[in-house]
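Which chain is which? The protein sequence lines are Y and S, in order.
With the first letter of the first sequence counted as 1, position 258 gets the number 258 in my numbering; the numbers rise by one all the way through.
With the first letter of the second sequence counted as 1, position 332 gets the number 1332 in my numbering; the numbers rise by one all the way through.
It should be emphasised that the hints constitute simulated quantities derived from the structure, not laboratory data.
Incorrect hints may have been included.
Said to hold, decoys possible - Covered by chain S, per the in silico footprint, the following chain Y stretches (three or more residues, Cβ under 8 Å):
(1) 179-189
(2) 325-338
To be verified - 30 Å max Cα-Cα, derived DSBU-like pairs, lysine-lysine:
(3) S:1063 / S:1030
(4) Y:322 / S:1365
(5) Y:118 / S:1365
(6) S:1030 / S:1061
(7) S:1061 / Y:322
(8) Y:322 / Y:118
(9) S:1365 / S:1061
Glycine included, C-beta positions come from ideal geometry on N, C-alpha and C.
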Amino acid sequence: MAIDQDVLVVGGGLAGVSAALAAAETGAHVRLVATAQSTLRQASGLVDLLGYTPRGEGPLAEPYEAIPDLPAAHPYRRVGRAGIEDAFDAFDDLVGDAYAGDHTTANALVPTHGGLVKPTARYPRSTAAGLASDARDALLVGFDRLPQFDASLAAETLEASGVPFDVRGVTVEFPVDLGADPTVTRFARLLDRDAPVADDASLRSALAQRVAGHLDGEQRVGLPAVLGEATPDDVRASLAAHLGVDVFEVPMGPPSLPGIRLEQRLYDALDAAGVRIETGNPVVDFDAAAGAVDRVYVERSGTRVPYAASEFVLATGGLVGKGIDSDRDGVREPVFDCHVAQPADRYEWFDDDAFGDHPFARFGVDVDDELRPRDATGEPEFRNLRAAGSVLGNYDYAAEKSGSGVSLATGHRAGRLAGVAAG
Amino acid sequence: MSDADDGIDPVSVFAEGDLDLRAGADSCYKCSTCDTNCPVAEVDEDFPGPKFQGPEQWRLKRKADHDVDASVADCSNCMRCDAACPADVPLSQMHNEARAEYVEEQVSRRSVRYWRDRLLANYRTVARVASRVPRLSNFLLGSRLLRSLGERVFGITAERDFPRFATETFRDWWAARGGAHVESEDKRVAYFHGCYANFNSPEVARAMVRVFEHFGYQVAVPAQGCSGTPMFANGMLADASRDAERNATALSTLVAEGYDVVCSCTSCSMALRQEYPELFTYEGIESVANSTYEALEYLRIQEDLEGALEEATVEFPDLAYHAPCHARNQGLDRQAVELFRPLEGVEVEDVGDSCSGISGTYGWKADKYDTSMAIGEDMFEEMRASAGETGLTECPTCASQMEHGTGYEVRHPLEVLEAALVED
């Protein structure tokens, strides 16, 4: 026997969630299994579509216009413009007011914690007042106990990039006395609770007071993206009310509150859609017969638990997420051992220039128009296996700023095809 | 230049100890996701968190003869960091090793604290004696005077009610009914009941037997020691090792005869599956780890449990379910709610992903009681907000924390299955 469902999605990141939701929408009985907590916790929370072309042109104002010129094997070419738009429409419906930039085709420019500006298609509402295209002057504020965000450095970098406004950076003491190395969630939960600190002032008003002393006519204030976990809108609104100016979050590295909030929202949506979820253990093996995957095995601390389905979606991530694995002898896709094209000499996997054009960044499985991984001869590996997200090859999400968009678009398409095929 | 690496294998440059954790330490890229998942760090400003306790401390110790930092004793061994890590760093294994070294080298054998922790770690021994005279034990442990003495002299909190000892242990019941009522050549399970279901909550163990016999399984109840969970958590690895050898021997013999091992306590299954192979090398450890399952999980794999529950109805109070951290680490945290959702006659609501805070013996220590209750506060609040006024969980110590914080009675998923599927 095995634990049985129509569609089994392997992977709990943006691609896996997108696939599971699209499959569930077709009426299929869907289960999502993931090795560990969702990698969305490491994500910035920005949802990119395409920021730069593979040749490095950009930042792109209108990403869709660049799609037809992408290489033929690029995942976006597999799903086409309509496929991308479907997926972004579904995302917009899902996140509602929590995200801005919805139902537009244009990119926005969002400043991030290093002072760089990222072209992105959808961005958390909390970052909206910070856009680099906004001409209002800005004050960036860091906390002494949060070294991950150096506000002066970020402001200098932003100014140097030629933004159309003046920006300064200052550091204030966080009004709560924190121990060594406080986590980002510690700041966020304290701000959620808003307990009284010294002189009976609430934490938010005490923080606003410290920031207010540095304001010099700026109409907006940017703080590190730790402004609440459960109630970010309240935290931002009360800081803004105290300060009398707009308040925005500057997205940070991992672990990331905007990523954690997005994870929460997406997993709630999975629950609401009736998707079964199991996290904590890897898929390590599978059985196949007559060109189709029959079941996969999840290894639970020693024991192997079989999961059978009629359709499977592989959304295990790329080189960082370990959906693509490598050692000195080669690069492989470890769950189904799908074909991953690569030069035989590993010294050809990379470019000598650290910021050069690295072939390894495009390693991954190659898929047909139904997103089925293809073997070395170009034939589908299995007729009921589809792949989505950064396990796919033929694109460099880091250079293009296309990671979230490819995950949403290929996940949505793979999930819907799997759901229909299972029905 | 493809032969440039010949002659140097970077993974073997350093001399290795008994257990090589280098690869795990190297895998940590310090993202701090584990720290944001640590329930102790959340409420205790002075606790440096799992990243420090694991890979950072391990690296420090490679370079110089540093003592293990005393804060490792504040880790509750909930193991949430394991499931949080995106890089497969074996955090809890590092913590278990460090804690054992700390107790071995820095906690005096003549201190009250050592003997308190040793006693808590060896709950089974205490329970075995106490349950010979259960009524007297319950009376004595309920006495205010003795409890207050226990706190002042021994550092065991007087705030909690001691678990009551059953007047008939599960093993006595099992012997009295004449052992297994079902025989089978191909459906055989060896039940690892652990200490709590034997001495304190035999109704859970009886439910396990009845449910598995209902599905046609031959159940064996081998002689067994403690799973080791409280021993790992208290740094008493020598005690854990002794019981692990005993359990591995008894259970692997049955595995060789075609039995699978089934647990009703998710910390017991965690120990057999993950901690045993990480920490010990006894004969049979691997075969036991590879054949151990949690009870509902096993039935989900082997039987059409979902189908059986869809056709069943049950009379049961509505339930507020808490997923134990150790169930979470085995991927079982959503299982009970998923299974009982279609079951007519009972509503089950998940009270969220917070830790109960008791972590076995942790919350019993007077100096940890406040931390334990502060961690549990989210769960208490969620339970009160939930429609059900009876608790549900797989872990007996989580259950006692749920009772302690809310006053609710707490049941085990096997009891729901028994009520739904087994005729009286």
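Hint by hint, here is what the structure shows:
1. For the segment 179-189 of chain Y, the proposed coverage by chain S is satisfied: 8 residues have a C-beta within less than 8 Å of a C-beta in that chain, meeting the threshold of three.
2. As drawn, the segment 325-338 of chain Y meets chain S at 1 residues by the rule of a beta-carbon pair under 8 Å; below three, the given contact is violated.
3. With a C-alpha separation of about 19 Å, the suggested pair residue 1063 of chain S and residue 1030 of chain S falls inside the 30 Å cut-off, and the hint holds.
4. The hinted pair formed by residue 322 of chain Y and residue 1365 of chain S fails the criterion: a straight-line CA distance of about 41 Å is larger than 30 Å.
5. A distance of roughly 50 Å separates the Cα atoms of residue 118 of chain Y and residue 1365 of chain S; the hinted pair therefore is violated under the 30 Å criterion.
6. The suggested pairing of residue 1030 of chain S with residue 1061 of chain S holds, with an alpha-carbon distance near 17 Å, which does not exceed 30 Å.
7. The straight-line distance between the Cα atoms of residue 1061 of chain S and residue 322 of chain Y is roughly 29 Å, inside the 30 Å bound, and the hint therefore holds.
8. Under the criterion of a C-alpha separation no larger than 30 Å, the hint pairing residue 322 of chain Y with residue 118 of chain Y is consistent with the structure, at around 25 Å.
9. Simply put, residue 1365 of chain S and residue 1061 of chain S have alpha-carbon atoms about 29 Å apart, close enough for the 30 Å limit, and the pair holds.
Checked against the numbered hints given earlier, this structure breaks hints 2, 4 and 5; the rest are met.
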